[in-house]
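Here the protein sequences come in this chain order: A and B. The opening residue of the first sequence carries number 1 in full-length UniProt numbering; numbering runs sequentially from there. The opening residue of the second sequence carries number 1 in full-length UniProt numbering; numbering runs sequentially from there.
Take the hints with a grain of salt, since some may be wrong.
For identical chains, the list gives no copy identity; a pair is met inside one copy or between any two copies.
To be verified - Mimicking DSSO-like on lysine-lysine, the simulated pairs with C-alpha atoms at most 27 angstroms apart in a straight line are: (1) Lys160 - Lys28; (2) Lys273 - Lys161; (3) Lys84 - Lys273; (4) Lys9 - Lys34; (5) Lys46 - Lys84.
These are calculated hints, taken from the structure and not from any lab test.
There are 2 protein chains.
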Amino acid sequence: MSVLVFGHKNPDTDSICAAIAVADLKSKLGLDCKPVTQGELTPESKFVLDKFGLSAPETVTSVAGQKVILVDHSDLAQSPDDLKEAEILGIIDHHKLGDVTTPNPLECWIWPVGCTCTVIKAMYDFYGVELPKNIAGAMLCAILSDTVIFKSATCTEDDKKACEALAGIAGVSDITSLGMEMFKVKSAVDKDTPRDLIFRDYKDFSMGGSKVGIGQLEVVDLSIVEPVKDALYEEMKKVKEEGGRNAVYLMLTDIMKEGTELLVLADDPEPVKKAFGKPVEGTSVWLDGVMSRKKQVVPNFEKAYG
Amino acid sequence: MSVLVFGHKNPDTDSICAAIAVADLKSKLGLDCKPVTQGELTPESKFVLDKFGLSAPETVTSVAGQKVILVDHSDLAQSPDDLKEAEILGIIDHHKLGDVTTPNPLECWIWPVGCTCTVIKAMYDFYGVELPKNIAGAMLCAILSDTVIFKSATCTEDDKKACEALAGIAGVSDITSLGMEMFKVKSAVDKDTPRDLIFRDYKDFSMGGSKVGIGQLEVVDLSIVEPVKDALYEEMKKVKEEGGRNAVYLMLTDIMKEGTELLVLADDPEPVKKAFGKPVEGTSVWLDGVMSRKKQVVPNFEKAYG
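This is chain A alone, in the form it adopts within the complex:
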């Protein structure tokens, strides 16, 4: 029975590619391993596997009685519910240390870098195992995804060096354009309704007595949302009225320009000016350098509404 290697629930590209890579490496070191996934692949992950001719891992949600290796997580809540009934042989990760514990010694490679695949590249080197071209390509994409093409605050020098080496193995001559191609898939808005797009990543807040909704759409270029912007704004009106909200904001975040166009639909537009020092022009305001709802938008609005 193969050892199962899997990433977290709602798997992202790192979870999928790390599982494939670790299963390859460990199998070549003599431990028969199989990559699996806890759930449906994202369009981005499908694009990556297609691009490098790799098969999607089988879906597995129960691991009782199995031997397993965790990648890209060390939290019980992100693992299968019956993980306690499996034997954990190893963890390869790049997050904070979670609440997984084991009754037996195990192998952990956990580094404070931007992506699990950066750690796995070092493991291939450490064991002197040759990296297959297609797996190197998938690992490269995973790092580009997790580090938002090196723009994320979590990106380290180790991630950049790993990408250079992986690009060499995979025969990728232009790392940035591969990253852009992948993020365009992630950014695609043409297959979703305006309502789906608003609620892709949406939260309601209570701020100084006002009910304020804030959604976020991350795209590789704002031109992608241009054709649907009017439809989004019309749909925001319905969302605002239905929920009895005082304001609905939609962050259109351009990951390459590193800023956000904030679509504004508010009973009172004054808090926007208070929060960001700029007035709304027409239906929106450009916020340079604003990428994070949690860290940059919510705290400012809370002060402005408070």
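Starting from the structure of chain A, add chain B where the hints point.
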């Protein structure tokens, strides 16, 4: 302020030597580190540091507000009581994964090998940092101690290879005779009180709601402990009562016969039978081939108590 590097409470030779080695390696990689100990050194550890001309680490029992790296453990109970108020930068270990968690990403090197110093030897190689002769000698002793000169069930090929390489660096021509010299120091029972002997290598565990203490005394021949066995048992009673423990076990491990006489003081002796398939006779039970608390005693007890 230096990053503090330390092993578990009641430090053994691996905890001391691993702290010294990791502090050396990390400092050379640009992170200012200082090895410290949570408690008094054993006679064995003192012998090892003397032999290779190394200083004993300073004792530190509170780490609030400090940056720390843990070696040879990942359990909260084995770390300083205020570990939660420290920032954990890394864990280098060879045990089961304990209950330490972190709010931030960190660096973990945890391998299923016989000794932390085997992992650290690989880290020096990985980073291409030269190992000082005296630290190599101390690391060699730590591996010989943890693997009982390669006789322990926890000993792996990695441990043996690390010892060969470390002996080469340290200029040790006869590994076994260095090991025997060290174990004779370790075996001495005439200079310690019964309490000191119980706590020479002692750990508390929480098993299925029971508080279980397990100590281990390794000797070259069981006849060495025969004159103090009654006194040990009387002292175990005090230890059990003081700590509100449900059981206190003392492993008297004969490294030449390769087995353990387990002294048993338990509210319920049934877990012993469940764990090892043999009933307690009088105050103890002979466990043939059992050398390792970590690999042979703790997992069996955890199942039996669980």
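Going down the list of hints, with the structure as the test:
no.	hint	result
1	Lys160 - Lys28	both (26 angstroms within a copy, 23 angstroms between copies)
2	Lys273 - Lys161	neither (37 angstroms within a copy, 55 angstroms between copies)
3	Lys84 - Lys273	between (37 angstroms within a copy, 25 angstroms between copies)
4	Lys9 - Lys34	within (17 angstroms within a copy, 39 angstroms between copies)
5	Lys46 - Lys84	neither (30 angstroms within a copy, 41 angstroms between copies)
Figure legend: structure checked against the earlier numbered hints; hints not met, in rising order: 2, 5.
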